[in-house]
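Heads up: the protein sequence lines correspond to chains A and B, in order. For the first sequence, our numbering assigns the number 1 to the initial residue and increments by one for each residue that follows. For the second sequence, our numbering assigns the number 1 to the initial residue and increments by one for each residue that follows.
In short, the hints are calculated from the structure, not lab data. Wrong hints could be hidden among the right ones.
[To be verified] No farther apart than 30 Å at their CA atoms in a straight line, the calculated lysine-lysine pairs in the DSBU-like style are these: (1) B:Lys35 x A:Lys534; (2) B:Lys66 x A:Lys435; (3) A:Lys240 x B:Lys66; (4) A:Lys435 x A:Lys511; (5) B:Lys35 x A:Lys276; (6) A:Lys230 x B:Lys34; (7) A:Lys435 x B:Lys101; (8) A:Lys435 x B:Lys111; (9) B:Lys34 x A:Lys435; (10) B:Lys97 x A:Lys435.
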Amino acid sequence: MHFDMTLILFLGFIAITLGITAWASRRSGSSASFFAANRQITAWQNGVAVAGDYMSAASFLGIAGLIAFFGYDGFLYSVGWLVAYLTVLLIVAEPLRNAGKYTMADVLAYRMNPRPVRAMASLSTLTVSTFYMIAQMIGAGSLVALLLKGSHISFTVAVSGVGVLMIVYVVFGGMLATTWVQIIKAVLLIAGTILLSVLVLAHFHFSFVEFFQAISQVTYHTPDGKVVVKDFMTPGLRFKLPYGPLELISLGVALIFGTAGLPHILVRFYTVPDAKTARYSVVWAMVIIGSFYIMTTFLGFGAATIVGRDFISKNGGTNMSAPLLAKVIAGDVFFAFISAIAFATILAVVAGLTISASTSFAHDFWTNVIHSGVERKPGEERLVARIAAFAVGAISITIAIILGPTANVAFLVALAFAVAASANLPVIVFSIYWKRFNTSGAVCGLLFGLIGSIVLILIGPSIMGIDAATVVGAARHPIQHVPIFPLENPGILSVPIGFAGAILGTLLGKKDPHAIQRFEELEVRANTGLGSEKATAH
Amino acid sequence: MATLKTTDDNPNLEKTKWDRVQEMDEFRLLILAKKEFVVPATVFFVVYYFALPVLVGYAPAFMSRKVLGPVNIAYLFALSQFFMAWGIAFAYVSAAKRFDKFGAHILETLKREGYDDKQDGKRGL
Numbered sequence: 001m002h003f004d005m006t007l008i009l010f011l012g013f014i015a016i017t018l019g020i021t022a023w024a025s026r027r028s029g030s031s032a033s034f035f036a037a038n039r040q041i042t043a044w045q046n047g048v049a050v051a052g053d054y055m056s057a058a059s060f061l062g063i064a065g066l067i068a069f070f071g072y073d074g075f076l077y078s079v080g081w082l083v084a085y086l087t088v089l090l091i092v093a094e095p096l097r098n099a100g101k102y103t104m105a106d107v108l109a110y111r112m113n114p115r116p117v118r119a120m121a122s123l124s125t126l127t128v129s130t131f132y133m134i135a136q137m138i139g140a141g142s143l144v145a146l147l148l149k150g151s152h153i154s155f156t157v158a159v160s161g162v163g164v165l166m167i168v169y170v171v172f173g174g175m176l177a178t179t180w181v182q183i184i185k186a187v188l189l190i191a192g193t194i195l196l197s198v199l200v201l202a203h204f205h206f207s208f209v210e211f212f213q214a215i216s217q218v219t220y221h222t223p224d225g226k227v228v229v230k231d232f233m234t235p236g237l238r239f240k241l242p243y244g245p246l247e248l249i250s251l252g253v254a255l256i257f258g259t260a261g262l263p264h265i266l267v268r269f270y271t272v273p274d275a276k277t278a279r280y281s282v283v284w285a286m287v288i289i290g291s292f293y294i295m296t297t298f299l300g301f302g303a304a305t306i307v308g309r310d311f312i313s314k315n316g317g318t319n320m321s322a323p324l325l326a327k328v329i330a331g332d333v334f335f336a337f338i339s340a341i342a343f344a345t346i347l348a349v350v351a352g353l354t355i356s357a358s359t360s361f362a363h364d365f366w367t368n369v370i371h372s373g374v375e376r377k378p379g380e381e382r383l384v385a386r387i388a389a390f391a392v393g394a395i396s397i398t399i400a401i402i403l404g405p406t407a408n409v410a411f412l413v414a415l416a417f418a419v420a421a422s423a424n425l426p427v428i429v430f431s432i433y434w435k436r437f438n439t440s441g442a443v444c445g446l447l448f449g450l451i452g453s454i455v456l457i458l459i460g461p462s463i464m465g466i467d468a469a470t471v472v473g474a475a476r477h478p479i480q481h482v483p484i485f486p487l488e489n490p491g492i493l494s495v496p497i498g499f500a501g502a503i504l505g506t507l508l509g510k511k512d513p514h515a516i517q518r519f520e521e522l523e524v525r526a527n528t529g530l531g532s533e534k535a536t537a538h
Numbered sequence: 001m002a003t004l005k006t007t008d009d010n011p012n013l014e015k016t017k018w019d020r021v022q023e024m025d026e027f028r029l030l031i032l033a034k035k036e037f038v039v040p041a042t043v044f045f046v047v048y049y050f051a052l053p054v055l056v057g058y059a060p061a062f063m064s065r066k067v068l069g070p071v072n073i074a075y076l077f078a079l080s081q082f083f084m085a086w087g088i089a090f091a092y093v094s095a096a097k098r099f100d101k102f103g104a105h106i107l108e109t110l111k112r113e114g115y116d117d118k119q120d121g122k123r124g125l
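One chain only, chain B, in its complex shape (with noise of 0.2 Å):
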């Protein structure tokens, strides 16, 4: 198989290559700060939105009381579930620019030590 061989072909380049990456605080610091992220925002929408077919199934009184005229509970809960997911959206994209300063400072220590990312651009598939 190809794909399995990459690695064993040239066992000093390849794999120094992901291991010093792996080795570099700055890489672990990306990993850390998109988990910082993406965790508690995951955990947040599936929550937020779960809520929403759980109050309308078992407290559809609660839901139906209305609010805004004619608009009631469940209306809003619904439409503002849009709000969150783009307010979530564009928080990850500007937490997302760190992320990219993170990756563009690592690809540049790599090239600078040698390594040249274009070499291997079709390695393992």
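This is chain A alone, in the form it adopts within the complex (with noise of 0.2 Å):
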């Protein structure tokens, strides 16, 4: 029963949101309306989207299944979310709304020589937001498979579904309709969180007290039957010495450097009319994210102690930890609404990743790589945009379906931070900030980084491994050897590499007086606003 009524919530969205498509689409007449929605999104309208665009199922369903599988280790997954916003509002938020136009790519090329640092930003661009796609497509599959166990909505149907849905989001109704997209679900997403929150702290009474002793003392089975009581506050149950602290350090360099190198939420700066604007919205983001993150401890240690591990192992796992808390504290109806939501969750995202590849493919690197930075006729940059937008889509699907509901995808959304991390951010923050900064410095930046990432996941313990015989298909490491580098997370090495490339690059390469004369300029506007891109009327 539970799944009809899953399905008819989630059609309910999906007929409002193709509605706000179609209104968007008939707005959507040039350049800025498709690409930056006019940059007419207000402050709280941005930072509810920012929290929309960034929030993903590894949040609401991931974070929820480790805290309640590893109690406060999991929770320790939840803080670093929330931090990396103050390198986006501090460093990076402001002047890039200043300097650019539709992409991050804008403000390197401002200084530097245009063409071959488009090329690799539009590189990163696309390696950053096609493997957190397909990660996520994966992820709805999945999600499908265990949600509607029973229906006859299968893995391919469900990742088809989302991928045809985001590339009509984006397609007809461009950056105005992913925008509404993201605010729908992430007022959908806390409003369930926060219900969940409130009827767990219900189920204690609304004593604090209560549920911090049952905290304290959660008792399950271990796989060979053995009764285990853990004090579930205490850390170490997931990260555990050798590498396990540096596991845990290591991720947060990849979320403190990376959030603020993430295309998809960088374009979302140039949405609203101004710096200003653009600084209160990530302040809004800040609020609804850090409260979101704060619940996960409601969600996470309420499944741990009401549901319980043994009943989670049994019924799908670690990610099904949030929808059976739903089921079990207030039944069939709410478990449907939370599944619904989850579905929701994945859409908006892949929406936002979507349009931010596809802006880039357009802008960056058909118009301004291969001809020259001129349009040849009116609205081509958005047909090209389009017509990328369904390619990256189909190709995502592709891809998922290939790689099938098994698949070890958590890698891919590690792949994409430390990316955006190591090859996106000490571009970024060199161009603002640094006089002497060359285009070999911006290009020899994003290579290494991009290539360090890409190599130190190849040769870590995501694909290297040795696998049991009784481990078959998907599940199995692709190379069956010991991993050389200890870390699925590569950040703590990975990002110095970035900031190495970028400055052995400039010092190697000649001082360039255009790029330090561009710089004065890029000072000016990005710290006064003076000739930035102002909000069109529609």
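Fit the two chains together into the complex; they arrive one by one in their own frames, and the hints show the way.
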């Protein structure tokens, strides 16, 4: 019964978002409106949309599951996702808004030789966005398999459905429709999370003491049937020595430096009228994202104490912790509601990824690298972006279906953050703040960061490992060898590699008087908003 | 390249304009004021944040100490990170009001001296 209910709720969400897309499509008649929603999004709207763009299924289902199974160590995950926004707020958002037009590459191209820099930045953007997207889509497919067990909706149908919807949002509705899909999703996600949290607290008679006491004595069975009682407030249930703490620090590095280099987050700051609005929108996003991650305490620990590890293991595993909590605490209808929110969550994130990838392809690669910065006929950039969105969507659907529901996708997300932190962030920061920075520095920084991240992941435990003969299919490590690099997340090493590449490339390259002169202009522009892109009427 | 030529197309107007702001005392003050806030704030939040995984990873016994009923130091420190982030964000917003005033004043001076901001809204990109 519950999957019919989920389906009805989800169809309702689709109907509303398609309605918005139809409305937005009538208003997106220019490039500024298609790529940047005419720069008329307000601070709170953009803040909510950033939150909707950012809080993925990994946050909602993944972290709740980690806390349910590993207690405090899972909650540690939550912290970095918010603190990372300080980098966005203090260092990147305002200069980016003032100096750029549609993509992060605009800021690099402002000072450097635009063709090589844009080509590299576009490659890096497409890498981050498509890897992240494939992870999300496999997540969506697996989720359907779990949530709608017994229904006739298969992994392939679910992946294709999500893919087709995101293509429709982006191709027809552009940035305006994407923004509103993200806003609605964020509101639903927060509403669902608050409701679940209140229900968990009600279960403990609204007593924090009772709640935390229950967390201190969580009972479950080990695979060989022994009864274990553990204090879930204690650190170290997941991250054990020797590499556990390093893994945590490395993840922290990737989050703190990577969030401010995620192309789908950065493009959101071009949708607001000015830098001041961009600043306020980051603060809005921080309030929402922070509240959400604090509430993962109730979702995760609630699942650990009320539902229990044993029951979750038998009914779909870690990722099902939050939906199962809803089911146990409030019944099938609420389970359906939470499941529908999980789908909406994935849809909004993939739409954001699609528009940032296709904008970068059209604006950076097509118009500026191939055609020297001039549109050959009006509307060409938009047309190319629409075709690119279609292609990116089709490629992601195909790869997700080939990899299948059992593929280990955590490393794809780690890769996206590592590339954003190691390739994108160093060159963004140096472009804005380092006078001597030049074209060879930018190209080397992007190249070192990109290659460094990819190689370290390829030789790390996500790809390399020795499996027992009982492990079969997609769950097996692709390379049967002891991992050469011990950490799943390469940030701790790849971020310094990216910075080193940018510095070395700059110092080995010639001093570039043009880049230095343009730095003076960029400094004025970034700090005063002089000459920045203005909001347009529609 | 359209991007490269703009400055050369109209060297007098363009160069004077950016240079004019660069040589204003107010602009130097603005850059300085921003640095005075952003640099210490960034150093502080990076150190405060990485203290969490370092302490949890390498001093788990200390972090497991219960200080508030069943709640231990580790959880309180993790929770404090959220309020630290919000605190810095709000402090920045209030400090930035001063930066905005500097900025507005600089643009006013420019306008008074005969520069039209709209004229080169599209330049450079």
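Quick rundown of the hints versus the structure:
Annotation: proposed proximity of lysine 35 of chain B to lysine 534 of chain A holds, straight-line Cα distance about 26 Å (limit 30 Å). Pair hint lysine 66 of chain B plus lysine 435 of chain A does not hold up; C-alpha atoms about 50 Å apart against a cutoff of 30 Å. Between lysine 240 of chain A and lysine 66 of chain B the alpha-carbon distance is near 21 Å, which keeps this suggested pair within the 30 Å criterion. Distance hint between lysine 435 of chain A and lysine 511 of chain A is fulfilled; the C-alpha atoms sit about 10 Å from each other, no more than 30 Å.
Under the criterion of a C-alpha separation no larger than 30 Å, the hint pairing lysine 35 of chain B with lysine 276 of chain A is consistent with the structure, at around 17 Å. Restraint check for lysine 230 of chain A and lysine 34 of chain B: not satisfied, since their Cα atoms lie roughly 48 Å apart, outside the 30 Å limit. In summary, the hint linking lysine 435 of chain A to lysine 101 of chain B is supported, as the alpha carbons are separated by about 25 Å, within the 30 Å threshold. Using a Cα cut-off of 30 Å, the hinted pair lysine 435 of chain A and lysine 111 of chain B holds, with the two alpha carbons roughly 27 Å apart.
Among the hinted pairs, lysine 34 of chain B with lysine 435 of chain A is consistent with the structure: their alpha-carbon atoms are about 17 Å apart, no more than 30 Å. Between lysine 97 of chain B and lysine 435 of chain A the CA atoms are separated by roughly 26 Å; this keeps the pair inside 30 Å, and the hint holds.
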